[in-house]
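With the hints in hand, could you dock these two chains into one complex?
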Amino acid sequence: MVEWRDKTEPLTYEGGIHLPYSWTVGRVGSRFFIELRDNGRIMAARCPKCGVVWVPPRLRCPVCFIIIEDANWLEVGPYGTLQHFTIVRYEHAAQPMEPPFAYALIKLDGADRAIVHFVSGTDLVSIKQGMKVKPVLKANRKGNIFDIAYFTPVGGQTQ
Amino acid sequence: MKKVAVVGVAQTRFERRIVNRNYADLIYEVTTGALEDAGMTIDQIDNVITVSNDFWDGRTISSMAVMDACGAYGKNVSTVEGDGTFGAVYGAMRIWSGSFGTTLVVAHSKSSEGSLPLITNAMFDPLYYRPLGLDAISSAALQAQAYIDSRGANIEDWALVSVKNHGNARYNPLAQLPMDLTIDQVLASRLVADPLKLLDCSPISDGACAIILAEEGRVSESKQKPVWLKGVGYAAELHYLGDRDLSDPQALTQAAKRAYNMAGLTNPQEQIDFFEIYDAFSYMEPLWLEGLGICGAGGGGKLIRKGVTEMRGYLPVNSSGGVLSAHAVLVAGLVRMIEVVLQIRGTAGAHQIERARIGLAHGINGPCGQSHCVWILGEN
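Protein sequence lines correspond, in order, to chains A and B.
Heads up: the first sequence begins at -9 in this note's numbering, then just goes up one per residue.
Heads up: the second sequence begins at 169 in this note's numbering, then just goes up one per residue.
For reference, chain B alone in the conformation it holds in the complex (with noise of 0.2 Å):
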C-alpha cells in the first residue's frame, strides 16, 4: 500500500456565530488556503471528498451547496456525513486504493443557523427515544453519569480539563473560546443537565477546515513538509444508550487497536507524543483516554490531576483548546488532525509543544461517541 500524507491544510477562525459568510464562503476560504499551505493549485487536486449533514445546513444534498467552492466542478466528488475524521478515511482510500494521487478534504458547519437541541434530537430513532427529547446535551449526561457511577470519576477532574483546555485556547487565534478559568468557576456554573455544568460543555460554532493529501510520488508537489497517515481504526457500538455500557467506549478501544496496529505502535503509551481527541463534553477527554488504552479504566481523572496532559506536560493532550473551545460540527475531527500536522511541522505557533513526532486525532459520530475514529500521524 502507497503511503499517504497530509501535505496542505487550512481552518477558518471559529466563531459563534459567522454571518457575513455562508458555507460556501466558509469553504471556498478553507480551499483556497489550504491550497495555498501546499503551493499547489486546484489543477492538481485529483478528487475532493466533502463532509457535511443535511440536519445541520437545513437543506437536502447539503454537499452539493459547495461544489462550486471547493473547486470540485469536473472532478471526481463524493460525501460523507459524518465527522471529518471519517472524511479523511474516505478520502485516504481513494488514494490508497490507487484511483487518485492527491484527495482534497473539506468539511464544513455552521451550527448557530439551526437549533443545536432539535437536530441533535433527530439523531436518535423515531419511535422509542426520539419522543422523549433526548439531544446531544442530555445523552451526554447520562453518560458523564454512568462514568462517575461505573467508574469512580468525579467533576472536579472534569473542571480541571475544562481549565486546561479553555486555557490552552489562548494560544491558538483560531479558538473560539480562549479563557482563563479557575476549578471553583467551572464548578460554579449553571447546572444545564445534571452532572454536567455550562462549562464542561462545548460551544455552538461556526467554521470550516480543509485538508489535502497525497500519494507517496506527489508529496513533492506541495512545499510543506509531509505529514504521514501512519495508521487509521474506525469501529461502531449499537445505537440505542441503553444496549451499551456507556462507561465503556467499547467502539474507541477497537479503533484505537486497529491505528496502533496499522502504524505500528506496540506501547502507544510510550510512542504517541501528543494527542487532540474529541472532548465534546470534559468528561470526554478523560474517558476517551481510558478508551484509548493510554491508562486504565477509571485512570483518566489521574492524569489531568497530575498535569500529565497540560500542554508542557509528559502527554499533552488538546494543547489546540480542544473541542471544549471549538466545536464545529463535523468540522472538529478533522480540526484535530490538522493541530496535529501543524504540531509535527513544528508551526503551531504559541501552542507548539516541544516534542511531537508522532500524535493521534480522534473524531466521534453518534450519540455519546457511538463510532470512534482513530488516527496516527507522524513525521516520518
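The following block holds chain A by itself, in its conformation from the complex (with noise of 0.2 Å):
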C-alpha cells in the first residue's frame, strides 16, 4: 500500500437510522390481541390436522400448511410451565426492562408451542425450570405484548 494511504488519519462519521414504521397485526394477531386486552385471555389455534396448538394462533398451520378455521380456537392458560430461562446481565437501548432480568419459554396450559416472556415479581434466583407460572396482566391494557407485563411463578408475589 503507498504510504499516504497508511499515515492518512481515518476518519469516522457518526451518523444513525430511525425509521418509524406502522406494522400491520393482521386478523389473527389483532384477534389474539384484542382479546388479550378486552378480556385478558390468550387465545390459541389448533391445527385439525395435526392437533398441535399454537400460541400466538396462526392463520395456517406451520407445518400442515392448511388454514386453522374460527371454530379451531382455544383459550390457553393462564397457568404454564417454565420450561427454559436465561437472566440477561447486559444492557442495550431495545431492553424494555433494566438488567438483570429474565425471559423464559413458558408452555401455557393446553397449548403445545412456548411464548417467550419476562419472568419477574420474584428474585432471580428463585426462577427454576419447570417451575408453574402465571401471567400478571397489566390494569391499562393496549392490545400488545405489554398488555403481559410478566410471568411470575404462582403463589409470588404480584405487582
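Quick caveat, the hints were computed from the structure, so don't treat them as lab data.
This structure is a prediction, so every number in the text was calculated from the model and none was measured.
Among the hints, a few may not be true.
Stated by the list, open to error - Short derived list, chain A residues pointing at chain B, Cβ under 7 Å:
#, residue
1, Thr76
2, Gly100
3, Ala104
To be verified - List time: in silico EDC-like cross-link candidates among lysine to aspartate or glutamate, alpha-carbon distance up to 16 Å:
#, chain 1, residue 1, chain 2, residue 2
4, A, Lys118, B, Asp362
5, A, Lys124, A, Asp137
6, A, Lys97, B, Asp317
7, A, Lys124, A, Asp99
8, A, Lys39, A, Asp102
9, B, Lys393, B, Glu547
10, A, Lys122, A, Asp99
11, A, Lys132, A, Glu25
12, A, Lys118, B, Asp317
13, B, Lys171, B, Asp362
14, B, Lys243, B, Asp211
15, A, Lys97, B, Asp362
16, A, Lys39, A, Glu25
17, A, Lys39, A, Asp60
18, A, Lys97, B, Asp413
Backbone N, C-alpha and C define an ideal beta-carbon position, used for all residues, glycine too.
Structure below.
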C-alpha cells in the first residue's frame, strides 16, 4: 500500500437511522391481542390436521400448511410451565426492562408450543426450570405484547 | 450435472474494528486476492454473487455499494442476504444450471459500525418477540439453557471448546482472538446471559472474504489445485423460538442428510476428515455436531472432553479457531468453506491438519440456527 494511505487519519462519520413503522398486526394477531386487551384471555389455535395447539394463534398451521378455522381457536393458560430461562446481565437500548432480568420459554396449559416473555415479581435466584407460572396482566391494556407485564411464579408476589 | 470446484479464495484479517478501510475497500482486497490466488483476471469471472445485509451496513440495497469493488461492472450480479454459505449455494447453482462457467462470491460485514444488540433485535418479528428486547445473545442463552435442560450439556465442556478454538486461533494469522486460555479462565469470565459467559461468545468483527467457483471445464484456468463441491444441503425451521425444540437442531440434521447423500457419504463420521462449523457461541459446536449426526443427542460434550475435536484429534473441528475467534457476520460461514479449501490444498500453514481429503463447512442464518447450510468439499 502506498505510504499516504497508511498515514491518512481515518475519519468516521457518526450517523444513525430512525425509521417509524406502522406494522399491520393481521387478522389473527389482531384478534389475539383484542382478546388479551378486552378479556384478559390468551388465545391459541389448534391445527385440525396435526392437532398441535399453536400460541400465538396462526391463520395457517406452519407444518401442515392448511387454514385453521375459527372453530379451532381456544383459550390456553393462564397458568403455564417454565421450560427454559436465561437471566440477562447486559444492557442495550431496545430492552424494555433494566437488567438483570429473566426471559423464559413458557408453555401455557393446553398449548403445545411455548411463548417467550419476562419472568419477574420474584427473586431472580428463585426462578427454576419446570416451575409453574402465571401472567401478570396490566390493568390498562392496549392490545400488544406488553398487556402481559410479565409471568410470575404461582404463589409469588404480584405487581 | 457438471462438477464445480473452488479455484480461488481470499480473506481479510479479522479485527474488532477496521477503521482505515470501508467495506468496499475490504471487498476490493478480497476480490483481487482471490483472483491472485487463482492466477485469474476479472475478465475470466462470468458472474458475481455478493453477500451483504442492509441493517449491518446501515443502508438499503447494501450490495450496490460494493458493485465496483468486486469487479461486477457489466456482469450479471445478484445478492444473497444471509450467511455466505448460502451465497456459495446461489453461486454454484448458477454454474450447475449451465448459465455460467465461473462465479465470484464475495461477502463483507463490519459489525463494529452498528450496534450488535439493536441489529440482531431486529431479526425478530416486530409484534411478539422484538418488543421484549431479545437479541442474538439472549436468544442463544435460551438455546444454551435448553441444551442443558434437555440433553444434559454442561458448561465445563463449552469452556473446553472456547479453550480449544481460541487456542487454535494462535496458529491462524487471520484470526481475531488467538488466546491461551484455561477452563478456569473461561468459567470465571463475566456472566453475560446465563448460562453464557463472555468467553462462550464470539466477538464483534470486521472483515470480508471471497471465493471463485468454476465448472470442471474451466478449472484449468486457475493455477490452484481445485477443491470440489461434493455435496450441499440446507433447511430451515420455524421462526418463533417457542415453536422450536431449541435443543434439537432438526434443520441441521435435514441439511446434513441432503449434503451427505449428494456427496455419496454413507458413513460421514468415518468419511469426513475434518469440520469447520459455525460456533457463534461455544455450546453451538457440540450441539451442531449432534445435529450433523457425528454423535448422538447429548454426545457432543464427550467429543471435546476426549480430545477428538482437537487440531491433532481424530476429528478436528475448527482448527482455524472457528467463529469464536473471528465472527464477521455473513462472512463467517464462507470463511468456513475457505478454511476447508486451504486444508484440502494443504496450504493452511501453522494450523494445517494431517489428513484433509474431505471436509465439512457449515453456516447458519436466523436466531439460534433457524436455518443451516452444510457443504462437503473434497480433493477429487
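Open item on the list: Tell me if the straight-line CA distance from lysine 39 of chain A to aspartate 102 of chain A falls inside 16 Å.
Closed with: Roughly 14 Å separates the two Cα atoms, so the pair holds.
Task: Pairwise hint evaluation, aspartate 413 of chain B against lysine 97 of chain A, where the allowed Cα distance is 16 Å at most - done: 12 Å, holds
- [ ] Given the hint that lysine 118 of chain A pairs with aspartate 317 of chain B, test it: the Cα-Cα distance must not exceed 16 Å.
- [x] OK: lysine 118 of chain A and aspartate 317 of chain B at ~11 Å, within 16 Å.
Open item on the list: lysine 124 of chain A and aspartate 137 of chain A were given as a pair; does the straight-line alpha-carbon distance stay at or below 16 Å?
Closed with: 13 Å, holds
Task: Interface hint outcome for glycine 100 of chain A [beta carbon to chain B under 7 Å] - done: At 14 Å from the nearest chain B Cβ, glycine 100 of chain A fails the 7 Å test, so the hint is violated.
Task: Restraint status (C-alpha distance of lysine 39 of chain A to glutamate 25 of chain A at most 16 Å) - done: 25 Å, violated
Open item on the list: So if I understand the rule, the pair passes when the alpha-carbon distance is 16 Å or less; does lysine 97 of chain A with aspartate 317 of chain B pass?
Closed with: 15 Å, holds
- [ ] Sort out whether aspartate 99 of chain A lies within 16 Å of lysine 122 of chain A, counting only the CA atoms.
- [x] 10 Å, holds
Open item on the list: With the threshold set at 16 Å, check whether the alpha-carbon distance from lysine 39 of chain A to aspartate 60 of chain A stays at or below it.
Closed with: Between lysine 39 of chain A and aspartate 60 of chain A the Cα gap is close to 14 Å, so the pair holds against 16 Å.
Open item on the list: Run the distance test for lysine 243 of chain B versus aspartate 211 of chain B: straight-line Cα separation, threshold 16 Å.
Closed with: Judged against 16 Å, a Cα distance of about 10 Å means the pair holds.
TODO: Verify the proposed pairing of lysine 97 of chain A with aspartate 362 of chain B, using a straight-line Cα cut of 16 Å.
DONE: With a Cα-Cα distance of about 20 Å, the restraint between lysine 97 of chain A and aspartate 362 of chain B is violated, given a limit of 16 Å.
Open item on the list: For lysine 132 of chain A and glutamate 25 of chain A, compute the direct alpha-carbon distance and say whether it is at most 16 Å.
Closed with: Distance of about 11 Å is within 16 Å: holds.
The structure shown violates the earlier hints numbered 2, 13, 15, 16.
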